[in-house]
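Colleague: Please put together the full structure from these sequences, using the hints given.
Each protein sequence line maps, in turn, to chains A and B. In this text, residue positions in the first sequence follow my numbering: the first is 1, and each later residue adds one. In this text, residue positions in the second sequence follow my numbering: the first is 1001, and each later residue adds one.
A portion of the hints provided could be inaccurate.
[To be verified] The calculated lysine-lysine pairs, modelled on DSS-like cross-linking and capped at a C-alpha distance of 30 Å, are:
| id | chain 1 | residue 1 | chain 2 | residue 2 |
| --- | --- | --- | --- | --- |
| 1 | B | 1053 | B | 1041 |
| 2 | A | 100 | B | 1040 |
| 3 | A | 42 | B | 1040 |
| 4 | B | 1018 | B | 1040 |
[Unchecked claim] Per label pair, the in silico range of CB-to-CB distance:
| id | chain 1 | residue 1 | chain 2 | residue 2 | range |
| --- | --- | --- | --- | --- | --- |
| 5 | B | 1010 | A | 82 | 21 to 29 Å |
| 6 | A | 58 | B | 1010 | 29 to 37 Å |
| 7 | A | 16 | B | 1053 | 43 to 51 Å |
Source of the hints: derived by calculation from the structure; they are not laboratory data. We treat Cβ as the ideally placed atom computed from N, Cα and C, and that holds for glycine.
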Amino acid sequence: QKEVEQNSGPLSVPEGAIASLNCTYSDRGSQSFFWYRQYSGKSPELIMFIYSNGDKEDGRFTAQLNKASQYVSLLIRDSQPSDSATYLCAAPPFNFGNEKLTFGTGTRLTIIP
Amino acid sequence: DTEVTQTPKHLVMGMTNKKSLKCEQHMGHRAMYWYKQKAKKPPELMFVYSYEKLSINESVPSRFSPECPNSSLLNLHLHALQPEDSALYLCASSQGQGSYEQYFGPGTRLTVT
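Modeller: As structure tokens, then:
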């Protein structure tokens, strides 16, 4: 069983709408979660991290963590064409300490003008 | 400042060549990482250095040899690579000690001929 799972997409969202990206994880001990954005041909860029249950907002981005259900999501409000990218969810496996991140396979998001 | 730099940006090498990839960060981070990423796949961890000591080696073939000369620098020495080693090689760093956010450099695009 994969430790971090994402729907690979592609996910198409009209410009101005809310894009919702989801990630589930299998390790109940995981304490921290990260969202990376990766444009084609570029390196991953850390855009959000969340450690506590609930919501964390940063500009147009909101990360949501539900430890009981073992899922973490990323909402992008007022989606822009520049948000078109692959979004990677990552978490450190509990028994490996926090130096190692397990990445999901990524969700490819396309914002349609 | 969350900048990690990598050189070179592109590298083409033959299977008998020896080359090195370089990574540098000046954020005072104490953990540094090498990842390999193939097209449409998530980053795959290769090595982790924590406080200048190798802490994780993900069973990487010996033709890849990491080196951490000091807390700001990380090298990856390449020798006798195979065409299937062609990929984007990413360096990342994190504070360590309770802060696990990893910041990636722009990567080196490696082609083995």
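Colleague: It remains to establish, for every hint, whether it holds in the given structure.
Modeller: Results for each hint:
| no. | hint | result |
| --- | --- | --- |
| 1 | 1053(B) <-> 1041(B) | holds (28 Å) |
| 2 | 100(A) <-> 1040(B) | holds (21 Å) |
| 3 | 42(A) <-> 1040(B) | holds (12 Å) |
| 4 | 1018(B) <-> 1040(B) | holds (27 Å) |
| 5 | 1010(B) <-> 82(A): 21 to 29 Å | holds (25 Å) |
| 6 | 58(A) <-> 1010(B): 29 to 37 Å | holds (33 Å) |
| 7 | 16(A) <-> 1053(B): 43 to 51 Å | holds (50 Å) |
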